[in-house]
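**Q** Sequence:
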Amino acid sequence: MNLFNVYPLFDIEIAKGIGCRIYDNHGIEYLDLYGGHAVISVGHSHPYYVQKLTQQLEKLVFYSNSVINPLQKELADKLGKISGYEDYSLFLVNSGAEANENALKLASFHTGRRKVIAFNKSFHGRTSAAVRVTDNPKIVAPINEGFEVEFPALNDIESVRNSLRNNDVCAVIIEGIQGVGGIRVPDADFLRELSAECKATGTLLILDEVQSGYGRSGKFFAHQHAGIRPDLITIAKGMGNGFPIGGVLISPDFEASFGLLGTTFGGSHLACTAAIAVLDIIKVEHLLENAQKTGDYIMEELKKMPQIKEVRGLGLMIGIEFEQPVKDIRKTLLFDKKIFTGVSGLNTIRLLPPLCLSKSDAHSFLVHFKEVIQPAFVS
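Read in order, the letters of the sequence shown are residues 53 to 431 in the working numbering.
Careful, some of the hints might be misleading.
Pairs of lysine-lysine residues, derived as DSSO-like cross-links and limited to a Cα-Cα distance of at most 27 Å, are as follows [stated by the list, open to error]: (1) K355 x K389; (2) K345 x K361; (3) K390 x K68; (4) K130 x K104; (5) K104 x K125; (6) K111 x K125; (7) K390 x K379; (8) K335 x K355; (9) K133 x K335; (10) K68 x K157; (11) K335 x K411; (12) K383 x K356; (13) K390 x K356; (14) K125 x K68; (15) K345 x K335; (16) K422 x K356; (17) K356 x K68; (18) K361 x K390; (19) K335 x K104; (20) K379 x K68.
It is worth saying that the hints were derived from the structure and are not from the lab.
Construct the entire structure; sequences and hints are all you get.
**A** Structure (structure tokens):
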């Protein structure tokens, strides 16, 4: 049987990872500035993380949500404290798309409405409702086109106001920082006005923090830079440091009822163990502070390079935009300099390293990056 090939692959097989470094099957070392799409939050093979998962593997990997799982409550308590959302509830799933799917469902149940506002260049997942609020027609199949969605420009509050006037919108969904869309950061004033408009019209505000959450921006959630409190917050990616887990943080205004939501694998014993270990490491190693400090250093140095059109981001979620396509720059970094990065669209390099990235590794990247983007590479 062949694999159904839907991914463009580099001819590299990664065999192991330690901290911010990964190694291929030939033992060649690479600096990981992408973390597998922002998934590796506390570093590869962190000893504490490995220990906790190994101990749990020896006890119990999974049992259904029909019995008490105290690890779920421990995870909810620790997540509430570190994020500042102790009064919210947590519903656990397996991925970011599932989290957004369930958040949209909750919003519709709660308001009785079916219209949604997302934003230009948004990405929220590939499942039915999540892909419908993603601004990418290439991945929206005919079966997904089941409810009305508008895609105003990011930071255009007047367009949102106009759409909310009829009081028929159940939710506005917005990324804390647009990842696939090019590392585009919502203005703090825009988020504050958006939150106020949603409250005034009875519309629920969903913050998709799947990629931008878990300390990546320097705060636990990117929207916290604007000082707002959404109705629903979706999380995944860095939550389990590679073990699949996601969730929805749900404000106290919602009432739970049996049968409202459900999942088979969500919140398993092993998944919760992984997520608890991540929170412990983030706290003990002060990784939010490190993300802010190291990210500021990288962005400050990048802005000195005249070949770059624009640098965007917060913390260790950084987009580096050029006037021309970056495909060759990325390949040169990977194969010549042994540095993994990502891309957004055609013209933007995307950096999403583990939150433990050191200043010395950041400096090493900057030296190599400056060499790669000499005029010969971007002319």
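**Q** I'd like to know which numbered hints this structure contradicts. Please list them from smallest to largest.
**A** When the structure is compared with the hints, numbers 8, 10, 14, 17 turn out to be violated.
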